[in-house]
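Asks: What follows is each chain in one-letter form.
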Amino acid sequence: MAEKVLMKGNEAIAEAAILAGCRHYFGYPITPQTEIAAYMAKRMPKIGGTFLQAESEVAAINMVYGASSAGVRVMTSSSSPGISLKSEGISYLAGADLPAVIVNAQRGGPGLGGIQPSQSDYFQATRGGGHGDYHLIVLAPSSVQEMASLTIKAFDLADKWRAPVMILADGTTGQMMEPVSFDFEISPQPEKPWALTGTRGARPHNITNSLYLSPEVLEEKNFERYRKYDEIIRTEKMAEEYRMEDAEIVLVAFGIAARVSKNAVDAARKEGVKAGLIRPITLWPFPSDTLLKATEKARAFISVELSMGQLIEDVKLSTECRRPVYLCNRAGGMIPLPDQIHRAIMEAHSATAPGTSVSFSSCNKEDK
Amino acid sequence: MTVFKKPHALTDAPFHYCPGCTHGIVHRLVAEVIDELGIEGKTVGVAPVGCAVMAYDYFSCDMTEAAHGRAPAVATGLKRANPDNIVFTYQGDGDLASIGTAETVHAAARNENITVFFINNAIYGMTGGQMAPTSLVGQVTQTSPYGRDPSLCGYPVKICEMLGELEGPEYLERVAVNNVKNVKTAYKAIKKAFQNQIDGRGFSLVEVLSACPTNWGKTPSEALKWIDTAMIPYYPLGVYRDRTAGILPDSFKEGTV
Amino acid sequence: MVVFQEDLCKGCSLCVDACPKHILQISMTRINKKGHHPAECIDQEKCISCAFCATMCPDCVITVER
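Protein chains in written order, with our numbering: chain A, 136 to 503; chain B, 8 to 264; chain C, 2 to 67.
Think of the hints as simulated: they come from the structure by calculation, not from any bench. Computed from a prediction, not measured in an experiment: that's the story for all the values here. Just so you know, not all the hints are guaranteed correct.
[Said to hold, decoys possible] From the derived model, a few chain A residues whose C-beta atoms are all more than 10 Å from chain B:
no.: 1; residue: A173
no.: 2; residue: D365
no.: 3; residue: R378
[To be verified] Covered by chain B, per the in silico footprint, the following chain C stretches (three or more residues, Cβ under 8 Å):
no.: 4; stretch: 9 to 17
no.: 5; stretch: 48 to 58
[Claimed, not checked] In silico lysine-lysine, BS3-like type, Cα no more than 25 Å apart, as pairs:
no.: 6; chain 1: C; residue 1: K47; chain 2: B; residue 2: K13
no.: 7; chain 1: C; residue 1: K22; chain 2: B; residue 2: K12
no.: 8; chain 1: A; residue 1: K327; chain 2: B; residue 2: K49
no.: 9; chain 1: C; residue 1: K47; chain 2: B; residue 2: K12
no.: 10; chain 1: A; residue 1: K327; chain 2: A; residue 2: K363
no.: 11; chain 1: B; residue 1: K225; chain 2: C; residue 2: K47
no.: 12; chain 1: B; residue 1: K188; chain 2: C; residue 2: K22
no.: 13; chain 1: B; residue 1: K195; chain 2: B; residue 2: K13
A virtual CB, placed ideally from N, CA and C, is assigned to each residue, including glycine.
So here's chain A without its partners, still in its complex pose:
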């Protein structure tokens, strides 16, 4: 059995990034992700890497843009307000088809919000976040082990698709400690003939750029990028299904919300309610087909989230109005307790019992 070490989620991300060959990290301190920067500051100088504390999140993401243009594996991390600042640079990365890994340990918002865990950057992450037509590949870890494994996956996906990849974690998964194994097989990094390493007089100059003043050319660039996205949607969707074999009440949750949801599923099962959980691991591309297939046996879906109803939109889109979808949520840094989710399951169970007329209203108003 591989050796395990007890580690914080944020530290696991940092160590996994180093394992994946990332030797350049640019960041700016913000709670609750600062352990990543601190870890990198300690480790990078010892392995010939670069840790640089930038003057702002804006500068940090543009340093990432530069290092990525230079062809190296590069990462930055932040938390919600800092990700808003990085959004400009993320749009440029997407527009220039540059690989990079961006970690968001989400905290409550909007504005300065709070420092407690949240999932309220779901729209920002899955719809792009900055200006223009683009997507990020978004990975949602729900354990410290996954913080590590998905980080390595993130670097591979970024290089494979020449696209920025976001690890959408939260304050809890970042701060909690769990045993983690770093026994990963690391695939070799691909060649990057497009990188800005100097022509050496041997090739025409390379350019990384997102400016196309001709609308015909820019449109074709967008079409081309969306053909790439189609391919990503076709091949990279990931989801975990928990007790879904015969599930009638299907919870959909990611990250920390999925962990609480599993407890609620188990509790409901003990009372004879066939509950199950679909945990999207890729939030973009969203595992819509897994949800659509679940409609065959499901009577209702419940979106469990640490936000005011963001994930629920993808649940509704994926299930194509075939079943009612309820919201079970907390916000502002609060986490739903298993009891709240359990009640939501029971309410959905009785509201959709054969012969009942179905109400589509939110089933947890009394909890807010």
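Following the hints, complete the assembly by docking chains B and C onto the known chain A.
Replies: This is chains B and C only, laid out in the frame that chain A set:
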């Protein structure tokens, strides 16, 4: 015998700049120095947002296009990733001295081993002639139609003087490209700024006072004269910092650094 | 002697101002591809190949030969 021709480090793409715009002179000087130092094959340039936004098409070396003002951060990423590359940014006054002030100041403070060319023409050219951070007091622009009024929008920013107060940077010089003599001085400054990077000395910035005849509402000839009569008195030419040569502000002398 | 890559010329006249021998002028009879009156040399014999014109040309129009 050919005594003067277009440098190799420029591509064949014709410049899109307006008639008499001296961006073209500065482009050529940068390319001439790249040729002379024989560094084209390992140089990476960073284009700004502004009139020089398409500089990536004009230089034969590898190029990238940065977000507005972020060129020093992008250059930092490039240089830290491949320290053997020679990395330069080419930025205008809106890019470097307004939206990108933080990136400029902190790259200088870190003494980041990059070379920055700062084209100061006291106006936003690309967007059609709005007030720049470096527009002179009284200067009429689209967004200061009654002349720049310091009581409303403050005073023009003197970048070389400001950065000169930092301990970090290696070399800061202000030059102009409004006559043959000044162009020759500008060439030397640009060469020194690249050489400093090659020698690992750190952050070098050359501020170039440059003409924008179109948005100044002047003929190209008048515009070059205006650099002499209006700009240079407020933005004196000269070396503001040359650590290796011992040119430092008074406050840094006698063991303070 | 000076050679103009005439179609790149924007007729800004900075070369004319720079020439110490006063042998450059903006042609008032010809128009180039860009639609500008281009600069031209009226007396190559007097050219001293100082390259002041090329030094001040913003568009790399001029090649100077000796």
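Asks: Decide, hint by hint, whether the structure agrees.
Replies: Going through the hints against the structure:
1. A173: holds (19 Å)
2. D365: Per Cβ check, A:D365 is outside 10 Å of chain B; nearest 27 Å; holds.
3. R378: A:R378 clear of chain B: closest Cβ-Cβ about 46 Å, beyond 10 Å.
4. 9 to 17: holds (count 6)
5. 48 to 58: holds (count 7)
6. C:K47 to B:K13: holds (23 Å)
7. C:K22 to B:K12: Holds - the C-alpha atoms of B:K12 and C:K22 are around 20 Å apart, at most 25 Å.
8. A:K327 to B:K49: holds (16 Å)
9. C:K47 to B:K12: Roughly 20 Å between the alpha carbons, so the hint for C:K47 and B:K12 holds.
10. A:K327 to A:K363: holds (18 Å)
11. B:K225 to C:K47: Given pair B:K225, C:K47 is violated - Cα atoms ~31 Å apart, limit 25 Å.
12. B:K188 to C:K22: Holds, because 17 Å separates the two Cα atoms, which is no more than 25 Å.
13. B:K195 to B:K13: holds (18 Å)
This entry does not satisfy hint 11, going by the numbered hints stated previously; all others are met.
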